[in-house]
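Kindly generate the complete structure, drawing on both the sequences and the hints.
Residue numbers (numbering that gives the first Met the number 0), protein chains in the order written: chain R, 0 to 351; chain E, 0 to 351.
To be clear, the hints were calculated from the coordinates, so they are not data collected in a lab. You may find that some hints are simply not true.
As the list claims (entries may be wrong) - Computed list of chain R residues with no C-beta within reach of chain E, every gap over 10 Å:
1) N25
2) A75
3) G161
4) R171
5) M221
6) P262
What the hints assert, rightly or not - Output of the computed footprint for chain R on chain E, the stretches with three or more beta carbons under 8 Å from beta carbons of chain R:
7) 161 to 167
8) 170 to 183
9) 259 to 273
10) 283 to 294
All C-beta atoms in this analysis are idealised placements derived from N, C-alpha and C, irrespective of residue type, glycine included.
There are 2 protein chains.
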Amino acid sequence: MSETTPSSSGASTETPLFLRAASGENTSRAPIWLMRQAGRYLPEYRALKEKYTFWELCRTPELAAEVTFQPLRRFAFDAAILFSDIMTPLSAMGTEIEFAPGPIIQHPVRSANDVAALRIPDAEEIAPFVPKIIKLLRSELKVPLIGFGGAPLTLATYLVEGKGSKDYPLFRQFLRAEPEAAHQLLEKLTQTTIRYLTTQIEAGAQAIQLFDSWAGLHNEDMYQTFGVPYIQRILEALAPYKVPRIYIAVGAGHLYPLMGQFPVEVISADWRIPLDRVRPLVGDKTLQGNLDPAILLATPEVVKAEAEKVLRAGLGGPHIFNLGHGIFPQAKIENVATLVETVHNFERSQSA
Amino acid sequence: MSETTPSSSGASTETPLFLRAASGENTSRAPIWLMRQAGRYLPEYRALKEKYTFWELCRTPELAAEVTFQPLRRFAFDAAILFSDIMTPLSAMGTEIEFAPGPIIQHPVRSANDVAALRIPDAEEIAPFVPKIIKLLRSELKVPLIGFGGAPLTLATYLVEGKGSKDYPLFRQFLRAEPEAAHQLLEKLTQTTIRYLTTQIEAGAQAIQLFDSWAGLHNEDMYQTFGVPYIQRILEALAPYKVPRIYIAVGAGHLYPLMGQFPVEVISADWRIPLDRVRPLVGDKTLQGNLDPAILLATPEVVKAEAEKVLRAGLGGPHIFNLGHGIFPQAKIENVATLVETVHNFERSQSA
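Here it is as structure tokens:
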């Protein structure tokens with residue numbers, strides 16, 4: 000069930016559909032994968048989760064590889080994504096993180112001293128299990144493997160706030176009250192992230208997604224100051240590897256024009272703005288997204304109609320179908336099947 | 000400390016500055032008030048909060064009036080806002096709400112049966128203490144009094160989710176899976192809200208702010224379906240009273256063009272998009288906002304510079320200065336003083 004579906008145009012079938020679309024090719028059908036496609040909506044994942052903690056699943060190569068594979072046995076997704084969490088590299092910096100189920104930081108970063116106490120680990124120290132998982136996966140996978148990391152601004156959001164929040168008041172205050180400490184924190188996270196992501200690519204990751212889930216909290220000035228320079232450095236550090244780079248921020252429509260400047264192949268859009276309105280804002284890039292994950296709780300008829308709406312809005316250039324954010328644990332399996340079928344059956348070639 | 004500062008133009012000084020700006024006059028200085036100006040950043044509020052629960056403060060007319068007055072004794076704000084919560088009218092519908100400190104719904108609404116069990120209370124049942132508070136305040140206040148309520152979509156967000164959340168997955172799923180029950184719930188909330196807000200105006204509220212804190216979760220289609228019709232009905236029901244109507248949604252920049260259609264005098268913008276970019280999207284209305292509340296944790300110099308940035312961006316039409324969202328409990332008193340002084344000293348008349 001995990002092989003690629005050949006392009007109906009018959010052209011360049013050696014390069015998988017996902018990688019072609021991610022490299023800017025306006026493919027005749029949209030590849031599809033889902034954020035958190037390995038996750039709690041799958042009974043086989045929940046069964047493993049009863050036996051192991053989240054960290055055990057992430058840190059045991061055979062288990063993480065098995066979880067990564069689970070959705071590919073059910074659905075003809077066009078890409079796999081490493082089973083992990085954006086918080087994974089932070090343990091090696093000296094931070095203890097628990098999941099309940101969102102991340103909880105035992106000792107939040109609140110001062111210049113707290114920032115100074117964080118280490119920048121060597122590449123091989125960061126998460127030694129991750130390259131092992133990637134190698135295991137590449138030996139078996141028939142679709143491309145996406146590696147990923149968190150953008151510094153979003154990692155800092157959790158480190159300072161200490162836990163998930165609706166608008167991260169402590170972090171936003173930290174940026175205003177302690178801008179120098181904030182820059183030092185973002186610098187350490189940037190260096191660690193570059194090492195972590197290049198390690199993933201060297202182990203075999205064929206694309207990298209940079210998750211900046213909380214960038215949308217900020218206005219342009221603040222994003223320009225505390226987000227953009229660090230994102231740019233990470234993306235530039237990955238450039239020599241020639242793997243497609245994907246950037247996602249959520250609730251960040253007001254920042255799309257700035258994202259259009261990034262050296263990135265793919266911008267992933269959440270569910271708030273239709274793709275035909277996002278495209279002119281971000282320039283000549285592949286778009287990824289943007290079905291509202293809540294739709295997978297509706298009926299198959301609604302799923303098909305809404306997916307086709309996204310597919311039509313994506314026709315103006317290269318498009319990788321995805322949700323606007325991670326799949327909900329309550330998503331219905333039959334709706335995911337309908338979704339994959341709808342995307343696979345939608346011919347883009349007439350307008351491509 | 001709570002009297003209005005006369006307009007430097009000397010024109011129409013009988014109508015308070017806030018009401019003139021809220022009615023569309025491009026005043027020569029911007030009136031200022033702050034969302035949650037009566038709240039935890041004030042030591043005198045925290046002292047009361049040690050003796051009384053939040054509901055006790057809201058439901059005891061003398062206490063609620065005292066809390067409403069507290070910030071006006073310190074700062075020359077141009078308006079007062081009723082001390083209350085958007086959840087206040089929901090108790091009379093048959094829902095138990097606690098604060099911890101955000102709202103917790105004892106029995107979340109999850110089905111058509113749960114919706115059917117909610118009552119539409121008579122106007123005088125909804126929150127009988129509220130008109131008493133308003134009358135107490137009007138007999139003492141030297142600045143206009145703003146009443147308020149929650150928009151149905153936002154009230155429904157809490158009722159279904161049961162508590163605060165970063166992206167309200169259960170509510171978004173409810174809208175997709177149970178659209179008819181959702182409309183019935185929104186209908187009941189709309190009728191209750193109309194009764195509640197007209198009661199406030201009849202008791203003496205001189206302006207009404209409709210808080211739609213969570214509207215920005217939705218894309219245009221969903222907001223058009225589940226938000227707009229109910230907001231329109233509430234705003235139209237208030238029209239005969241001729242008090243300025245203010246609408247605020249947070250994180251909802253993608254919905255501004257739809258808000259531009261509302262029969263509303265004022266659109267309140269959060270901190271994400273500068274006012275000079277918001278104004279062309281919402282048409283010929285007064286803008287309110289949009290300083291990032293986190294700035295009140297920085298230094299007075301930063302507060303002054305950032306406030307002046309907002310003031311300059313607001314020059315293209317009528318502007319009521321405010322934060323983009325509620326003031327943080329950690330805001331520094333001296334920064335609030337600097338903010339009020341900066342706004343009062345900023346002459347808009349050269350370009351008005």
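Here's how the hints hold up against the structure:
no., hint, result
1, N25, "24 Å, holds"
2, A75, "24 Å, holds"
3, G161, "14 Å, holds"
4, R171, "4 Å, violated"
5, M221, "8 Å, violated"
6, P262, "25 Å, holds"
7, 161 to 167, "holds (count 4)"
8, 170 to 183, "holds (count 5)"
9, 259 to 273, "holds (count 4)"
10, 283 to 294, "holds (count 4)"
The structure shown violates the earlier hints numbered 4, 5.
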